[in-house]
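Residue numbers (this note's numbering): 1025 to 1190.
Check the hints yourself; a few may be wrong.
Unchecked claim - Label pairs and their calculated CB-CB ranges:
1) 1168 / 1142: 23 to 33 Å
2) 1067 / 1165: 13 to 23 Å
3) 1128 / 1093: 14 to 24 Å
4) 1125 / 1165: 16 to 26 Å
5) 1158 / 1107: 18 to 28 Å
6) 1057 / 1130: 12 to 22 Å
Keep in mind that the hints were calculated from the coordinates and are not lab data.
Idealized CB from N, CA, C, for every residue including glycine.
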Amino acid sequence: MPILRTDRLILRGHAPGDLDELTAMWGDPAVYAMIGGVPRSREDVWLRLLRSVGQWQLFGYGSWVLRNADGVLVGEAGLLESRRAIDPPLAWPEMGWALAPAAHGKGYAAEALAAILAWATGQGIARTTCIIDPGNAPSRRLAARLGYVEVREARYRDHPTLVFER
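Let the sequences and hints guide you as you build the complete structure.
Encoded structure:
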């Protein structure tokens, strides 16, 4: 798992020591409201953490934990091979991101995603996709700024979602 650095962030692979902070983040309504609509249990966050580590082993890409220069958790973001039950299936690696509430509105997501997309391009990953809740205007704006284009509406887990490609 490569370590990426931006002007304000360090992006590194997930580690067991991240569990408590990630559990707190995924238990906050400001995080999960537009990403599944329910809080994640400690067990669910642990499985997400393990999935993140495993993605790197199987596919050569995955997610990073985002921390600021002071080491404070900002969130997590990266590329997923999620194999979601969306019809038709997603065609390319899925970009996903979630930020801790204290990090919202500070440009951290754009900074981290730009670094991840630059890294992905360097790895030969030219196309990516993402799904966004129709009500998540900030994520929709961010996706558009990064070059994602809405290509269709879909349903995921009985909820409407928008599919974007870049």
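Evaluation of the provided hints:
Range check, residue 1168 to residue 1142: about 18 Å between beta-carbon atoms, so the 23 to 33 Å window is missed. For residue 1067 and residue 1165, the hinted distance range of 13 to 23 Å is not satisfied, since their beta carbons lie about 33 Å from each other. Checked against the hint of 14 to 24 Å, the C-beta distance between residue 1128 and residue 1093 comes to roughly 18 Å, which is consistent with it. At roughly 18 Å, the beta-carbon separation of residue 1125 and residue 1165 lies within the given 16 to 26 Å, and the hint holds.
The hint said 18 to 28 Å for the Cβ distance between residue 1158 and residue 1107, and at roughly 22 Å that hint holds. Between residue 1057 and residue 1130 the C-beta distance comes to about 19 Å, which sits within the given range of 12 to 22 Å.
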